[in-house]
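S.K.: Residue strings, one per chain:
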Amino acid sequence: MKPITAINDFVVKFANVNGSGSASANGLFAKVILRMGVAVGARNIFPSNIQGLPTWYEVRISEAGWLGRRGGVDLMVAMNPQTWEADVKSIETGGYLLYDSSKPLPASKFRDDITIIGAPLTELIAAEFADPRQRQLFKNICYVGVLAYLLGLESETVKQLLTEEFKGKDKLIAPNFKAFEIGRKFAEEHLAPIGLTVTRADKVGDRIFVEGNEAAALGAVFGGATFCAWYPITPSTSLAEGFEKHCSKLRVDPDGKKRYAIVQAEDEIASIGMVMGAGWAGSRAFTCTSGPGISLMNEFVGFSYYAEIPAVIFDVQRGGPSTGMPTRTQQSDLLLAAYASHGDTKHPMLFPANPTECFEFAAQAFDLADFFQTTIFVMLDLDIGMQEWLTEPFKWDATRKLNRGKVLTYQHLEQGVPFGRYRDVDGDAVPYRTYPGTHPTKGAYFTRGSSHDKDARYSERGEDYTEGMQRLLRKWETMKKYMPAPIIRKAPRRTPDGILYIGSTGPAMKEAHHALEEMGVHLDSMRIRGFPFQDEVFDFIRDHEQVFVVEQNRDGQLKSLLVNEGGVHPARLVSILHYDGTPITARFIVKAIADKMKAVPDAALRENVQ
Amino acid sequence: MTYIAKPKLHHPSLEKNAHGYTRRDYEGRISTLCAGCGHDSISASIIQACFEIDLEPHRLAKFSGIGCSSKTPDYFVSPAHGFNAVHGRMPSVLTGANIAAKDLIYLGVSGDGDTASIGLGQFAHAVRRGVNMTYIVENNGVYGLTKGQFSATSDKGSKAKKGAENKDSAIDLVMLALQLGATYVGRSFSGDKHQLVPLIKGALSHKGTAILDVISPCVAFNNHVGSTKSFDYVREHNEAVNRMDVITPRAPITAEYAPGELKEVRQHDGSILRLRKLEDDYDSTDRYAALSYLAHKSAQGEIVTGLLFVEPDASDLHDSLNTVDCALNKLEDAELVPPPSALAKINDGFR
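Protein sequences, first through last, are from chains Y and S. Quick note: the first sequence, position 194, residue 589 per our numbering, numbers continuous. Quick note: the second sequence, position 283, residue 1399 per our numbering, numbers continuous.
Everything labelled a hint here was simulated from the structure, so no lab data went into it. Just so you know, even glycine gets a beta-carbon here, dropped at the ideal spot from N, CA and C. Among these hints, one or two may not hold up.
Not everything, but these chain S residues come out facing chain Y in the computed CB check (under 7 Å) [said to hold, decoys possible]:
(1) Asn1200
(2) Ile1215
(3) Gln1265
(4) Ala1268
(5) Asn1445
(6) Phe1466
In the DSSO-like style, the derived pairs of lysine-lysine whose C-alpha atoms are separated by at most 27 Å in a straight line are [to be verified]:
(7) Y:Lys741 / Y:Lys849
(8) Y:Lys562 / S:Lys1446
(9) Y:Lys801 / S:Lys1446
(10) S:Lys1446 / Y:Lys653
Just chain Y, same shape as in the assembly:
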């Protein structure tokens, strides 16, 4: 057995028990490596549980900058007896196992093709700390100490991070240092460095490490949202919490009064109802939820479409259907969101691929909602939303103005500007509106979900109804040029093959491209960022003989949307689907494409792929 050797390019996985306080130690481990200038892709893999069930934290260290999941484990830190067997089994041949050796384990519990590293963490910590909770927590910091020695992490950087972390709770700094040193010193005295090493590099730059939900929440603050109505649901909860956190720092007057409001509603229906009311009255409002919440919100989303009320919904997608897999990731709400509610409806969606785009699209969603007076879905997923990502820092143009859309004010009405709520005045099918209370005698109207004429009067006349429905279709056309444009990556040489994908598939796709090109497989790719799809999307399909559509659901929902909206022949689109709840990997994409390309009658290419 030859031990794996790698510098700045390997995967460490921590197997822990939920609720044991491992999250902060594991996060510390990832941040130390980032501070050493090496890129990290980190993921919590956690159960729908508060305490007791298994949880994992996987850190991919990649100087090359690959942030998607790689697959496989080079070093397992096995702290959970419940999952021991599977954890040990998952280590790559030649890999390493670090475990708590306080209690002896029979040889049958181990493998002979990996390096076994025992450290008596429980004993070491029990000798120095008396309090049971402290013993529990510091055992985690202790293994960070062991790893620091084994992998060559900088102790000073660890201590710097601990000092920053406990700023304001300074009396916790010394015991954390102590626990860290206990582990590091034990390793120094009893263990040898291993084949996996982290060395200082300069590959992080000014990037930040942040989860998508918090980024989206911050985007809502900068986008001028004043109201969040929400109902707790995994994996979206931290978005509402992020809004509260940042508003409490950025939107409070000196007298303590708030320039924002947050209501935890009684359910998702009330959440979206409140958003409707606030949007109608001229405040930027949003809710954040996941698939089950969207199912419940359907009726109001249809109302928003037909009565033309601005709203923003962040859908942090999880595994469906039904309760599904609440703590696993999928892109399986695309059709649900696109056509939510009864009758003929369509709703715009934005597809951020990283926290930076979560921030930008969140802010943009409020401009779009106000301008187009409809519900805008921002489609995150658990992988972007709840995982911390290394991503470009947030930027905001100081001269940017919030676009409130077509709103007639008191002055307009006073000057005699005519008002008809659903009239297409400018030829773009986007009507004008007024906020309640604007003018004593002009500009009032009655908002309703029942059929209405262009002056918002109740009408069951077929002509009035179809005129309104057709204007909504024209409005849909207008939206296309306001959606974020797709991002095209051209292969270094001409190719008849293309790939379409969205959102959190991005990091894995970037790496897959690289791997495929090394194998001589060239594909153009397009990352779609908005729905309705722009013409460029269909041009891309037309310009390629075969287009792979890579997405994280069972039924090829993105493909269905493309076929339905663009009249694309389904045979032109080849689905690559990943839907087991784990984030898609570059390995998966490469293998799937290689398999499908076997059908291509090109012997040379076939050889390359195999």
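Assemble chain S onto chain Y, guided by the hints.
M.R.: Frame of chain Y, contents of chain S only:
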């Protein structure tokens, strides 16, 4: 549906209120409800109340759900914005609008199906939060638009038009509102304008959640012998605990009453609720006594009406949320968008 435009011409001798509006300025479109419907009498009472408290019509925001009652906001105060929401979800929409624009007066109109069946949850939670609003339930105990099914406020033993007997217990929205913390609770009858108009005036002037359960017989489906929501039944069993006058902050106080006969309650906006007791032992400021009194009377088949409870200095949802005085929908970019320097600092926190 047909529309008959009302003539806009007002007679010059029409009485004007403090803002120079006549009663006609508070009217709406022609009602499309059945002739004799109790709901139209309630709309007329709303118009009268808004006129009398000198409310500028455009400062009212009207909300409703789905059903006969929920059509009515189109039939009063046309200069006000209105919102006809989805079935049973009006409370959430009103709550959101209220959070966005705290500078308006909020009126929700709903029915017994919209409130007590599909909308019971939202009704309860809006009351719990203390949303500053007047919520009128036009209660007829029956589904009219779908032709006569029992609703959840229909009394046990009440008979449908075709003779079927309701076997389910009734939801008493007044008791529920009291239990959930509503700070102004009244019950009235669409046929008693003298009682209803002051109740609406007091509710619109009240800061906090005001709930009015107004029994409003359905002439088409629930006005027969055997129904407990018919005009005759309600008239026979109506037991008013008090009579109220509302004195707006600007109005001079002229009438004189013998001491002991009257109780005056001053509300947050300066309006005075002047209550003349009809029941000697009824105290409209004691929530728990009100609950007990109502429970006993209900068991005897009596319909207790009047101002049943008021907490004149109540707080509301905006107090709980501690929002700024300026309505959130009037905040400018500079008050909403943090400076780039704040973002730089936030970025540093993620490194």
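S.K.: Next step is simple, just say for each hint if it's right about the structure.
M.R.: We went through each hint and held it up to the structure:
no., hint, in the structure
1, Asn1200, "holds, 4 Å"
2, Ile1215, "holds, 5 Å"
3, Gln1265, "violated, 21 Å"
4, Ala1268, "violated, 18 Å"
5, Asn1445, "holds, 4 Å"
6, Phe1466, "holds, 4 Å"
7, Y:Lys741 / Y:Lys849, "holds, 20 Å"
8, Y:Lys562 / S:Lys1446, "violated, 38 Å"
9, Y:Lys801 / S:Lys1446, "holds, 16 Å"
10, S:Lys1446 / Y:Lys653, "holds, 14 Å"
Comparing the model with each earlier hint shows violations of hints 3, 4, 8; every other hint is respected.
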